[in-house]
Amino acid sequence: MFSFLSYMIPTTLRMGTPIAFTALGGVVSERSGVNNIGLEGIMTAGAFAAVLGSYYTGSPWIGILMAMLVGILISAIHSVLTITIGAKQAVSSMALVLLAEGLCGVGVEAFFGQSGSTAQVNNLPTSNIFASIPLVGGFLSHLSPFVYIGFIALIVVTLLFKFTRFGFHITAVGENPTMAETCGINVHRVRYISVLASGLLGGLGGAMLSIGQMNLFQEGMVAGRGYLALGAVTMGRWNPVASYCSAMIFGFFDALQLYLQTIPSNPIPSDFIQMIPYLAILIILAVTSRKMKYFGVTAGGKPYTKYASSH
Amino acid sequence: MTSNKKREILQELLIPVIAVVLSLLIGGIIIALLGFNPFDAYGALIQGSMGSLVSFTMTLKTSVPLILAGLAVAVAFKSSAFNIGVEGQLMFGGLCAGLVGIYVPLPPGLHLVVTLLAGMLGGALVAFFPAILNTACNVSVVISTIMLNYVVQFFVQFCVMGPFHGDTSAPATDPLLASATLPNILPARYQLNLGFIIMILAVVLVYIFMNKTTKGYQLTAVGLNATASEFSGMSVKKNIFMALLLSGAIAGLAGSIEVTGTLKRMVNGFSTGYGFSGIPIALMARNNPFAIILTGFFFGMMRSGSFLMQATVGVSSDMVGIIQGLVVVFICLENLIRYYMNRIK
Chain P
1 MFSFLSYMIP TTLRMGTPIA FTALGGVVSE RSGVNNIGLE GIMTAGAFAA VLGSYYTGSP
61 WIGILMAMLV GILISAIHSV LTITIGAKQA VSSMALVLLA EGLCGVGVEA FFGQSGSTAQ
121 VNNLPTSNIF ASIPLVGGFL SHLSPFVYIG FIALIVVTLL FKFTRFGFHI TAVGENPTMA
181 ETCGINVHRV RYISVLASGL LGGLGGAMLS IGQMNLFQEG MVAGRGYLAL GAVTMGRWNP
241 VASYCSAMIF GFFDALQLYL QTIPSNPIPS DFIQMIPYLA ILIILAVTSR KMKYFGVTAG
301 GKPYTKYASS H
Chain H
1 MTSNKKREIL QELLIPVIAV VLSLLIGGII IALLGFNPFD AYGALIQGSM GSLVSFTMTL
61 KTSVPLILAG LAVAVAFKSS AFNIGVEGQL MFGGLCAGLV GIYVPLPPGL HLVVTLLAGM
121 LGGALVAFFP AILNTACNVS VVISTIMLNY VVQFFVQFCV MGPFHGDTSA PATDPLLASA
181 TLPNILPARY QLNLGFIIMI LAVVLVYIFM NKTTKGYQLT AVGLNATASE FSGMSVKKNI
241 FMALLLSGAI AGLAGSIEVT GTLKRMVNGF STGYGFSGIP IALMARNNPF AIILTGFFFG
301 MMRSGSFLMQ ATVGVSSDMV GIIQGLVVVF ICLENLIRYY MNRIK
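Taken in sequence, the protein lines are chains P and H. Numbering-wise, the numbering used here puts 260 at position 260 of the first sequence, and it's gapless, one number per residue. Numbering-wise, the numbering used here puts 34 at position 34 of the second sequence, and it's gapless, one number per residue.
Incorrect hints may appear among the rest.
As the list claims (entries may be wrong) - Simulated pairs of lysine-lysine, DSS-like, Cα-Cα distance not exceeding 30 Å:
id, chain 1, residue 1, chain 2, residue 2
1, H, 212, H, 6
2, H, 215, P, 302
3, P, 88, H, 6
4, H, 5, P, 302
5, H, 238, P, 302
6, P, 88, H, 264
7, P, 88, P, 302
8, H, 215, P, 162
No wet-lab data here; the hints were simulated from the structure.
Please model the entire structure based on the sequences and the hints provided.
Now the structure itself:
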C-alpha cells in the first residue's frame, strides 16, 4: 500500500499539473465569456516553444518563458477572431489546434532536421533547492518545479477572482457584458486580457509536458490533455480551486494507468489501460453534469458588440 | 432575382475563395521563410496532384474520405452540434467494415453492401455515446466526441494488433475477401474505385434529406434557432441526437470506403487526420453538400500533391496542416472580408 501511495502521489501531481495549468487558463478565459476549445493547440505550441527555447539557450527556464510567450501569441489570434471580429468561438478555437499542430510539425523539421520528434534538451525534472530540508526534502525535491509553479498559479488565479477588482470585472463581463459596459468596464479589453492569460497558462501546461515530464517534443504528445482541461473546467464549475482539483483527478487516472502498466504479468492489455483517463472523464462528466444547476457562464460563447444587446 | 441579390450571392461565393487565396499567400510566406521557393513548392503541389491523369484520379481517390468527413461534420454542424469525433467514428467504421469483410463470407454483391453497412453502423455506434450523453446527461458534445477519439484509437489498436492481427509484419489485418472490396471503375492504373460513385450518391442523398424532407428541415431549424424551434414543437435534443448519429454513419462510410477500396485490409491508424480535415472542409463549403465536393477536392489536392512537394522541393508535408489552419482563420474573418467588400462596391 505504501509503495502504491508513494508512486501515486508524485505521479498524480506530475500528470495532473499540465492539465491543471491549462484548466486554470480555461477558467479565466471562460469566466470572461470566451470559450476556448483551442487549449489543445496552445499546449502543443507551448510544448514545442519550450523545447526550442531550452535547445537554443541551454536553459529550460528560458524555455518556460518562450512557452508562455508563444501561448500568448497564439491565443492572440483567438482573441482577435472572437472578440473583435465576432467569429464563432468553437470554429476559431479549431483554427488554433490545426495551426499549432501544422506549425509544430513543420517547425520540428525546420529546426531539428528530423520529423516526428525534436532533439533532447535540458529539462526541469526535479527541484533540487528543496533537497536540504529535513524529512520531506527528498519527496519535495523529486517533484518538478512546474508542480510548485502550478500551486502558485492556483493561488494567483484564486486571489484574482476572490479579491481583485479585475477579477470581478472578468466575472461581470462574462455574466452580463452589456451591464458591465454600462458600469464603465471595457468589455473587449477585459476579454482580451483574459484570453491572453489563458494562453500564458496553457503554454505553461504545454511546457511542463515537454521539458517537465520529458526532455523533448513529440508530435501528438499533448494527446487530448487540452480537452481534458476543458472537461476539468466544466467539472469544476468554472471555479479555480475545483477545476484544479478536477484536473488532478484526471492526473490520478493517468497515474493509475501508468502504475497498472508497471505491474508485471498484468492480464489487461495495455491498450485498455491507456483508455482509462479518457473513459474516466466521460463517466465523471456524465454523472456530474446531470444534476448541474449552474449551466456555466451566462454570456459564455457569445460575441459582444457595443451599442447592441448581446441577446 | 434582383441584381442586389445576385451580388449578395456572388459575394458569399467569393468569401471562401478569398480565404483560400489569403491562406495560400501566408503559407507561401512561411515556405519562403523556411528557405524554399514558394512558387516551386506550389508548382510541385499542383504537378503532384493534377499533373497527369494518373495523379488526377489519385487526387480524386484521396478526396473521397475527405469529402465524406466534411459531409459528416456539416450534418452535425447544421443542427449546431460540433462533432470533432469524426476521426474516431471513421476509424471504427473502417474496423467494422474490415472485420465483416474478412470474417463474414457472403455472396458477391451482398457482401459488399453488408460490409459498407457494417462500417456505417460502426460509425453511428461511436457517435451514439456522445449523442446519448448530451441528451441524457448534458455533457458537451465537443468534449465527449474528442474523448471518444482516443478511446477508439486505443480500441482499434488493440483489435488490429491483437486478436485480428493478420499474417503480416505490418500493423494490419489479413486482406479482405475479394467480394468485400470495391471494384475499380476505371482501368486498373487509374486506381479510382466505386467508392467515388458512392460518395457522390451520399452527397446527393444528404442534400435531398437536408433540403427536401421535413426531418432535414427540422434539423436545420434547430441549428438556426434552438429557442424558436423548441417553441414550435421540435425537440432540440432529439434533432441533435439524430444529426450526430447520421454524422457518425457518414464518417463510418468514409472509413469503410478507405478500407474496402484503397487499403483492402484494415490498417491501424489508417486515417491520417481525415476527420479533422473534415472541419475546414465543411466550414469552407458553409455546410453545403455540393460545395463540400469542391472544398474536399481542394484538400485532397493538397494532400496528394504534398508528397511530391516534400520529395522534390523539400517542404514538409505538414505544411498542408498549416494551410488548413489558416483557411479556418480566414473563414473566421468572413465578417471583416464582407465589410471590406461592401466598402469597395
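Okay, the hints, checked on the actual structure:
1. Distance restraint check for residue 212 (chain H) and residue 6 (chain H): the Cα-Cα separation of roughly 23 Å lies within the 30 Å cut-off, and the hinted pair is therefore satisfied.
2. Proximity of residue 215 (chain H) to residue 302 (chain P) is assessed by CA-CA distance (about 28 Å); at most 30 Å being required, the pair is judged to hold.
3. About 26 Å separates the Cα atoms of residue 88 (chain P) and residue 6 (chain H), which keeps this hinted pair within 30 Å; it holds.
4. Only pairs whose Cα atoms come within 30 Å are accepted, and residue 5 (chain H) paired with residue 302 (chain P) is accepted, the gap being roughly 29 Å.
5. At roughly 24 Å between alpha-carbon atoms, residue 238 (chain H) and residue 302 (chain P) fall within 30 Å of each other, so this suggested pair holds.
6. The hinted pair formed by residue 88 (chain P) and residue 264 (chain H) fails the criterion: a straight-line CA distance of about 40 Å is larger than 30 Å.
7. Distance restraint check for residue 88 (chain P) and residue 302 (chain P): the Cα-Cα separation of roughly 8 Å lies within the 30 Å cut-off, and the hinted pair is therefore satisfied.
8. For a cut-off of 30 Å, the pair hint linking residue 215 (chain H) to residue 162 (chain P) is broken: about 48 Å separates their Cα positions.
Figure legend: structure checked against the earlier numbered hints; hints not met, in rising order: 6 and 8.
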